[in-house]
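**Q** If you want the building blocks of each chain, they are given just below.
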Amino acid sequence: MRRGLGVNLALAGGLAFLAVVALLPFWWVISSSIKATNEIVSTTPTMIPHSFTLEHFAKLLTSSDYPRFLINSLAVSAASMAATVVLAVLSGYAFFRLRFAGRDFLYRAILLAYAFPAIVVLVPLYGMMSAARLIDNLFALVIVNVTFAVPFAIWMMRAFLAAVPLEIEEAARLDGASRLTILWRIIVPLIAPGIASVAIFAFISSWTEYLFASVLIQSDANKTIPVGLAGIIGQYQVDWGLMLAGATITTLPVVVLFFFIGRYFVAGLTAGAIK
Amino acid sequence: MVAPVILWLGATLVYPLVSSLALSVENVRIIGSAGRFVGLDNYLSILSASAFWLALARSVVWVVGNAVVQTVLAMAAALILEQTFPGVRVARTWIVVTWIVPTIVIVIVWRWLLSTSGGMINPLLIGLGVINEPVGFFSTATSAMTSLVLINSWRWFPFIAVMLLAGLQRIPADLYEAAAIDGASRFARFRRITLPLLEPALFVLTVIGTLLSFNVFDIVWLITGGGPADATTTLPILIYRTAFKGYRLSEAAAMSVVAMLLLMGLAMLAVRTLAPREEGG
Amino acid sequence: MVAISLRGLRKRFGAAEVIKGVDLEFAAGEFSVIVGPSGCGKSTLLRMIAGLEEVDEGAVLIGDREVTDADPKDRGVAMVFQNYALYPHMTVRQNLSFALEMARRSKAEIDAKVNAVGEALHIGELLDRKPSQLSGGQRQRVALGRAIVRDVGVFLFDEPLSNLDAALRVAMRAELVRLHRELRNTIVYVTHDQVEAMTLADRIVVLQAGKVMQVGAPLQLYHRPANLFVAGFIGSPRMNFIPVEVASVRPDGATVRSPELPPTLAPTRVDGLKAGDKATLGVRPEHLNLPTEGSTVIEGAVELVERLGRETGVRVRTSSGLALDAIIDGAARAVAGARLALGFRPETCHLFTAEGRALERRVAPEIADALSPHADQA
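So the sequences go chain by chain: A, B and C. First residue of the first sequence? That's 1 in the numbering used here, and the numbers climb one at a time after it. First residue of the second sequence? That's 1001 in the numbering used here, and the numbers climb one at a time after it. First residue of the third sequence? That's 2001 in the numbering used here, and the numbers climb one at a time after it.
A portion of the hints provided could be inaccurate.
Said to hold, decoys possible - Pair ranges (Cβ atoms, derived): (1) B:Ser1048 <-> A:Val86: 39 to 49 Å; (2) A:Ser178 <-> B:Ala1076: 46 to 56 Å; (3) C:Glu2017 <-> B:Leu1047: 50 to 60 Å; (4) A:Gly4 <-> B:Leu1195: 16 to 26 Å; (5) B:Pro1086 <-> A:Arg179: 42 to 52 Å; (6) C:Pro2237 <-> B:Gly1183: 18 to 28 Å; (7) A:Phe105 <-> C:Ala2323: 28 to 38 Å; (8) C:Thr2091 <-> A:Arg179: 50 to 60 Å.
As the list claims (entries may be wrong) - To give an idea of the interface, some chain A residues facing chain C are shown, with a C-beta separation under 7 Å as derived from the structure: (9) Leu174; (10) Gly176; (11) Ala177; (12) Arg179; (13) Leu190.
Calculated directly from the structure, the hints in this document are not laboratory data. Where is the CB? At the ideal position from N, CA and C, for every residue including glycine.
Bound-form chain A, shown alone (with noise of 0.2 Å):
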């Protein structure tokens, strides 16, 4: 349907305040991380840089702890991804194909996880991981951010899943194969953007993760970004400059991650919607 005058400058006025709404923020950040402390905090604001100076960068990654939390987070997010993909794919496959006692019951109770507070399991989490002797243990965070990410993960499968014809399983059968080559052979690389949109998912959710990483950690050696960055701008209550860029590096990962393969994450979340 052809659309009128009216309705496509409100279309375009819409999309523009979304436009602003939503990377504005970003753009400020972004462009301030390379001006001048003092053009940072004048009173008129500038959108374009008047300045250029990396000092802030140079900071931030010469004198502060951020370069050590940059690696943990990423060792972190890598190993949280890599679990949650395995474990959301093989329990995807087995609640969504096979056939098994209390299926129903248990793909109901897995989604259930996310009606607990995070709050609520922190204290028995650190109590337990406190006996495991993984208090300040990097491999803790992986754990608890795993057990976050994957009845989610789950959920987003099961469209991606679905599209798979039965009867090409059913084929695979005949010819000889069992559900663990099937699984490999056959179903994984049809359901690859899922396991995209899987990986991402998770990626971003450890990523981001700031309480479990704020109580489980302990010494600075061994702090993800979230927490560190926030010790940093407790310390240096008034250097916009070091924050901004601290902001500007610890959105780039995501960003890059998503650049190549965003579309597979939203075609996940909207492919899990459509029941």
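Given chain A, work out where chains B and C should sit, using these hints.
**A** Below, chains B and C without anything else, positioned relative to chain A:
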């Protein structure tokens, strides 16, 4: 094949939950110290403390505020993104940028933008002549809560928007065409076709969104820390402070159990609505 | 060459029983077709043979071995699916070699077999393409190739031609017959199209609501349907059914009458029949033509005329409201609205009891030839 997941979640979720329940009926103070069984003492003391009820009330305000703002923004965004225009595909992917960015970045972004010394919003408003002096966005109870709700909604609305978009796209175009032929205006088509058909998805998303926003901790903690003067101390904040700053672990456990029961009730409702549609392969 | 035996098979989905006690024997090397309307359970039955559906009661034997609980891969069967079920992410060559890889055959052996099959089915040039780059007919052939490459004694087909256009379907039918002649394996083929059944089968199994209605050679089903259902299912256009009453019973047949029919002698056996019984007279449209010497006449108003050149299809409605389909000469004159008289020779009609059971027809000269076993099968 399902065993690994079950074991994992069992160990990391179920066991701690049970553990929490146990904690809540003891009188443990500092983490790791032993406690005696005290029955429902903790529950009684928290339920009679105004701090708890106030925090719960603030959580309700928080949740409702988020739901309203997010739904409106998400609906608007979804409607816009459903149209065809140059660049729509890119827009549909990148609308979620505020959601994928780590919370700490969000915190930095908005603390800076809204700061009273420098920043961007205050200078902008002063420059436009809207105000004469910088506004303290986090200095009063109302403004702090409002600002936080807006920031959190800014962060989460794309997630809801993308889901709503999927729902919108499922509505067959023929329905709109038939309605147009029958003489319905755009607004009428929205009200009589879009909204009713979207209702189930909207309901589910609202419930899920509510669950998720109730649990939000880091944004509030890192921007206002629960202040000013407890104005933004929602339940998760209170629980955290009681456990880790007040060293009253068992009390915190009791509070979290109560919160959990509330949410479980809500979640059961959600699952009951979702469940009939699950066929499971 | 392997025989298949189904004994007392039952299956339920939830509360509904879809296969209600089926006993069938498929002889080694035979091309059997299971035919029936949608929902009759034919696909389910096929899948039970394949091992893709569980059997609630009864036994499946393939080549004298009981396989009721065996995995599909251990049954020695290959299956061609309705939607081909080709692996979309693999090339044709990989699709064809997959089963052999699972069986851990040597690369050399696999290559040799795949090339041979590729040649035999004329898909040699397509070996490096992916299924999405193939036409429907080509995909069908790859699906077929996948089955052939496995060298098993039993092929199962689940409505493989229903997604092809008409011309392709005819071509593939010929191909399948040729294949069977060459490979001589046991084939169980499921379809809802009775034309496919008639042209392909050595034996047809008619299934309705989970029960076997009749088993026999195609022409046997055509000339001697055992009940109303088979009579109405086999043969297109459908047989005409005229409700009649038995006027009298003689050793050589029953005389029946109805409002639109003069007393007519139906030359069938008459066990259990007596005067006054309700019955159904069946006449195929191809046996209803313009009246000739000795034919029973029935007439009505012409409702529909379909001229196909070599023949003309007419629908006539009698005064009592009964609709009759007839196929008459292409050159005959028939005008919608006018009255038309049709006739049939009594020897061509069928008689069914009130319960739907067919009364056995006395052999008439024209059907004797047709019934001699494999008279037309080289």
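**Q** Against each hint, give a clear statement of whether it holds in the structure.
**A** Here's how the hints hold up against the structure:
1. Taking 39 to 49 Å as the suggested C-beta distance range, the pair Ser1048 (chain B) and Val86 (chain A) conforms, at roughly 48 Å.
2. Range check, Ser178 (chain A) to Ala1076 (chain B): about 50 Å between beta-carbon atoms, so the 46 to 56 Å window is met.
3. Glu2017 (chain C) and Leu1047 (chain B) have their C-beta atoms about 57 Å apart, which keeps the hinted 50 to 60 Å range intact.
4. Checked against the hint of 16 to 26 Å, the pair Gly4 (chain A) and Leu1195 (chain B) passes, with Cβ atoms roughly 21 Å apart.
5. Checked against the hint of 42 to 52 Å, the C-beta distance between Pro1086 (chain B) and Arg179 (chain A) comes to roughly 47 Å, which is consistent with it.
6. Our hint of 18 to 28 Å for Pro2237 (chain C) and Gly1183 (chain B) is violated, since their Cβ atoms are close to 46 Å apart.
7. Evaluation of the 28 to 38 Å hint for Phe105 (chain A) and Ala2323 (chain C) yields a failure: the beta carbon distance comes to about 55 Å.
8. Against the hinted window of 50 to 60 Å, the Cβ-Cβ separation of Thr2091 (chain C) and Arg179 (chain A) comes to about 24 Å, which falls outside the hint.
9. The interface hint given for Leu174 (chain A) is met, as the beta carbon of that residue sits about 5 Å from the closest beta carbon of chain C, less than 7 Å.
10. For Gly176 (chain A), the interface hint holds, since its Cβ comes within 7 Å of a Cβ in chain C; the closest pair sits about 4 Å apart.
11. Restraint check, Ala177 (chain A) versus chain C: the minimum CB separation of about 5 Å is within 7 Å; hint holds.
12. Hint status for Arg179 (chain A) relative to chain C: violated, with the closest Cβ pair at about 11 Å, above 7 Å.
13. For Leu190 (chain A), the interface hint holds, since its Cβ comes within 7 Å of a Cβ in chain C; the closest pair sits about 6 Å apart.
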